[in-house]
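Chains as they are written, first to last, in the numbering used here: chain A, 8 to 262; chain B, 298 to 574.
If you're looking for bench data, these hints aren't it; they were derived computationally from the structure.
Among the clues, some could well be false.
Straight line, CA to CA, 30 Å or less: simulated BS3-like cross-link-like pairs of lysine-lysine [what the hints assert, rightly or not]:
hint : chain 1 : residue 1 : chain 2 : residue 2
1    : A       : Lys31     : A       : Lys173
2    : B       : Lys502    : A       : Lys219
3    : A       : Lys222    : B       : Lys469
4    : B       : Lys548    : A       : Lys219
Only some residues are given here: those of chain B computed to face chain A with a beta carbon under 8 Å [said to hold, decoys possible]:
hint : residue
5    : Met325
6    : Lys335
7    : Tyr514
8    : Gly521
9    : Leu524
Ideal Cβ placement from N, Cα and C applies to all residues, glycine included.
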Amino acid sequence: MERKGVLIDMSKCIGCRACQIACKEWNGLPPEKTRNNGTYQNPPRLSTTTWTLIEFREEAVGDGVVWHFRRVGCHHCWDANCLEACPVGAIKRSPSGMVYVDHSRCIGCKNCVMACPFGVPQIDHVTGMMYKCTGCYDRIENGLPPACAKACPTGALTFGPVSQLKAIAQERLRYLWMNGYRRACLYGDKELGGFGFFYILLREPEFYGLPKEPKLVSKNFFNVLSNSFISLLTIGIVSLGAIFAFRERTKSKED
Amino acid sequence: MVHWGTVIAIYLYLGGMAGGIYFISSIMELAGGERFRKAAEVGYVLSFVAIVLGSVFLILDLGRPGRFLEVLTRFKVTSPMSAGSWGVFAFSVWSFITVILVGVRGFLNSVIPRGPFVAVGGGLGAFLASYTGVLLSETSIPAWNSTPFLGPLFFASGVSTGIALLTLFARKRLDGDSPYRLELADNVAIGVELVILLFLFLQLKSLGVPNPITLHYPGLFWIGVILIGLVVPFVLNFSGIYRFRTKGEAKVSLISPILILIGGFILRYVVVISPQL
């Protein structure tokens with residue numbers, strides 16, 4: 008199956024949060040009790056029952072305020088740190104490329120939480136397991152778009168084969184540049200092997216709280232090797248020191 | 298948000314100590330010979346007890362403790378936690394067999410060659426003590442993943458806390474100059490640990506942010522880890538070494554091992570918790 012994905016075009020998002028609701032509907036996720044804390048962003052953050060969230064960033068421009076939206080959720084990275092870090096193989100990839108949790112396997116070790124550079128995996132303290140966006144692989148594999156992309160009224164979420172989405176994104180980016188959005192950029196087209204859910208952002212990634220260069224952790228063998236090498240060196244030095252401390256030397260004196 | 302909390306810090310402490318005790322006990326009898334055997338045997342028993350206790354904490358931290366055996370149904374090279382789980386398993390089995398064989402007098406010498414057997418166990422112990430640091434490095438927490446020094450740091454601390462526990466429990470079997478030799482080995486470990494901490498902090502400096510390890514617990518770190526856990530024991534050990542060199546008397550000191558055991562736990566606690574806050 009060809010790798011599928013969603014292009015998240017932040018220049019088209021109006022912050023209606025239809026994607027949030029559609030996600031909850033399809034996945035049977037209950038609403039959360041929240042409080043008004045002065046922003047339309049609601050719920051305040053991802054949780055075990057909120058897998059897709061529209062973040063509202065406010066920027067003061069002149070006398071008014073400009074909103075910057077971002078869809079927060081799993082990016083379905085090709086080099087998925089969580090998937091590689093999972094010691095029991097509970098995080099899997101569907102034929103369409105979506106990264107999801109097999110809850111019959113998850114042991115709740117939280118290694119995926121530590122591995123993800125975007126803070127996506129959420130731990131439920133009742134079941135003890137990790138929950139996150141499934142990429143609606145259950146819909147995709149049956150010929151339907153993900154619930155969020157289906158619900159989006161403005162075309163900010165476009166579902167399709169990743170190769171096609173990249174071409175659409177390039178064209179849209181050129182259009183944005185020509186129309187004065189000089190800071191617009193792609194994010195996730197190359198990062199971590201390319202996301203399944205990647206962005207057109209109107210500002211640099213850091214503005215949205217995204218790491219500029221998300222690190223590959225588990226598959227980074229150079230890192231493991233350098234770590235192991237310095238560990239081995241230290242083990243060698245301490246061994247020599249200890250052998251020196253305990254070695255038999257009284258005999259020669261007695262002779 | 299802290300996902301790996303106090304329970305994991307306790308596991309890292311006990312696991313590091315278990316590996317460190319076996320490691321130092323094997324070197325003790327391999328390099329020092331017959332007269333260190335009895336003390337080393339105490340060490341093997343301690344290492345087994347420590348890894349069993351440590352594993353209990355490790356399993357309790359899981360969201361699904363009942364499924365812990367799942368980790369032993371596969372091996373993933375990309376997951377340090379998978380490699381580590383196998384390491385813990387191998388070490389537990391090895392130290393258990395050691396305890397049994399040591400109990401069956403003479404068996405370890407006549408049927409299984411004792412030297413190579415404890416040498417392999419020492420190697421497993423060294424892996425166990427260091428992997429926990431590598432495990433932290435393979436995450437997206439900036440303070441952990443930007444440095445290769447956590448593995449070596451936990452190893453050195455595992456050896457030092459291992460020597461401390463061994464000194465406390467085997468003190469009646471430490472005759473002649475053996476207390477002096479333990480102090481000497483301990484100061485090698487403490488010295489190495491201090492040098493690694495220096496490297497670690499120099500490297501964290503290059504991140505351009507306040508040191509994430511000391512940021513939230515500066516007092517606990519500088520007083521608990523550096524002063525109580527490393528500098529004071531180093532000086533106490535040194536005075537013991539000096540006394541032996543000048544007067545020829547070696548005595549077991551109880552203060553320095555206790556301080557090391559306290560400092561070793563605070564080290565794990567601060568390194569694990571602070572960067573997650």
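Hint-by-hint comparison with the structure:
no. : hint                  : result
1   : A:Lys31 <-> A:Lys173  : holds, 28 Å
2   : B:Lys502 <-> A:Lys219 : holds, 20 Å
3   : A:Lys222 <-> B:Lys469 : violated, 51 Å
4   : B:Lys548 <-> A:Lys219 : violated, 57 Å
5   : Met325                : holds, 5 Å
6   : Lys335                : violated, 14 Å
7   : Tyr514                : violated, 20 Å
8   : Gly521                : violated, 23 Å
9   : Leu524                : violated, 22 Å
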